[in-house]
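Protein sequence lines correspond, in order, to chains Y and A.
Note that the numbering used here has the first sequence beginning at 1, numbered continuously upward.
Note that the numbering used here has the second sequence beginning at 1, numbered continuously upward.
Treat the hints with care, since some could be wrong.
As the list claims (entries may be wrong) - Once the Cα atoms are required to be at most 27 Å apart in a straight line, the calculated DSSO-like pairs of lysine-lysine come out as:
#1 Y/K272 <-> A/K164
#2 Y/K272 <-> A/K51
#3 Y/K386 <-> Y/K176
#4 A/K130 <-> Y/K223
Hints in this document: simulated from the structure, not taken from any laboratory.
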Amino acid sequence: MIKRNYSSGWLYATSLLLALFTINSCSEKADEYQPTPYAFTIPAYFPTRLNIPADNPMTIEGIALGRYLFYDERLSGRTTPDSMMSCGTCHLQENSFECGINHPKFTGGRPFGITGIQTPHVMLPLINLVWNESGYFWSGLVCKNGPDAQKQNIEDIVYMGVTAPHEMAADTNQVKMLIQSIPGYPELFDKAFGSPKVTFRNISKAIAQFIRILVSSNSKFDKYMRGEVQLTASELNGFVLFMTEDGGDCFHCHGGDGNPLFTTNLFYNNAKDSVFTDVRDHFSVTGNPTDIGAYKAPTLRNIELTAPYMHDGRFNTLEEVIDFYSEKVVWSPYVHPLMHHVNDGGIHLLPSEKSDLIAFIRTLRDDEFLNNPAFSKPSSFPDGNK
Amino acid sequence: MRRACKHVSALIFITSLIVALLLTASCRKQDDGGKLIFVFGHKIGGVELVKDSVTYLNAAENEYVVNELQYFISEVTLWKNGDRQVITSDSGVHYVDLDIPSTLSWFPDQVIPAGNYDSITFTFGLTESKNISGYFVNPPERDMFWPDVMGGGYHYMKMNGKWKTTLGDIQPFNLHLGIGMIADTAGNETFVQNYFTVTLPLSWCEVHESQVYRQFTIDMDINSWFESPYYWDWNLTGGQIMQNQDAMHAAAMNGRDAFTIAYEAPDPK
């Protein structure tokens, strides 16, 4: 009987503790602000696995804040017009969030930072990056699960872009203070992250969230794949050339009907050079000699808008690029084995084949993406500034 | 109050009973057989392949270097007196990639019934039921896609490297295996399935109760792809074979005996 009472006592005490824990956790949850989760829609044929860090889930409020910050030139921590810069200064929506060869400030598509220092490589577009698991930049320097804990994802790239001497060359404390002082921003930070205090980590998170919604999936080729439109005879010929080993053999590195990103996001030495002096190739990241002179295969979506081409911008037109792959590739011990025509100088396309290939590549232009108002510069910033 | 206490006690008793039953059931399930681990090795002349830096010699005396090796195996099956036990992963397919260490071992979920097994078989590549465009949407498997215009689905294998030609040039090779294409004189195309079954006899293999994991090591001998029954000389075949069904057929025939299997002795009871 005593024993029974003893166990009942334990049971009572345990239940009481459990109840207290439950009440405590409930009250904490009630106080905790939760922004609205963003429902990511995965387009047909696209990968289902998304590169979204666990500590930065996408939310409606985070994306809205990120859009403001992406375009607000006060992100450079400065307010004098000639020394202001934002992500959107260089990443133009009409050029697939790349600089483009027709940029009003960066002649020939070669951007430079506030201090006038040119970027080491030409730009890569901000497009479908939520599916990139294999490293960002031409070299793959920023890579999920890579060796540098500070260079893992888009959030880290924001920090790098704001502080790099060849980009915004900003002081992050100044940036935080300036953003904090702008009416409207603290409220937006509160909505996105549950605190009106502006931190640089939250600036990075918000911009990264915005960049992750920049999805292109509605080009003419996408519509063709969905059976909504037909390609012209020239485009179809180009498609076959693109997709065959005995043709252009573009698909092994640039994707195609089995990979709608139109990039593997991997790194290749594509036989541009026989001497290698660039210290920012993929070898600089991996230390593997086979990666000497290797760079990321960029997506071909909207590629007609993202000249100049290659990591160093050596080609100004798609025609020059096709001519290179057709007749001008050069041997080196580091050339990727997928460049199997290297000893012949290239794939030797006929003029009609070259124009067919370009016609197909132009079907990857996505005007809906280029004009999507959800991606565009806001009509005004939180303080009413334009 | 006393009545409430009685109910609580009854509830505790029933819960304990259910937990005990569940535990017993799960223990019994484990005792019914064992799980398997597969480790994939890649050798040349019995020595582990060193990619990128070591030059090898095939039967045709082509000097070559391997840079990348990626392939699918599927429908792995253990056999016991003609009875089969299919081992599946989530998709029924396992992808191996020399550059992704996690793919070099495979832990299928399925518990294999206890018994003595006399052989193991697997499909090199993918059979029609899984070799469908869009089956894999995520990398790295997705990047094995085989263009629809050439039959669709996926590469069974990509082996990329370089060989030295008779002229002394270093030439890339891409031993890519997948659906083949034959065109008749009128230009009509027929697609050919080149996947094949690998059969590996097991001289003695016991999957025993309470013996939870057994490790099989499946080794691919790279040079076997170039030896028999078809003598493979890159100077004759050329480096690329995706649109050369004769070469793909020869590779598929050679690949049948490119594999060996070894397994660990059972754990002492």
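List of violated hint numbers, smallest to largest
none
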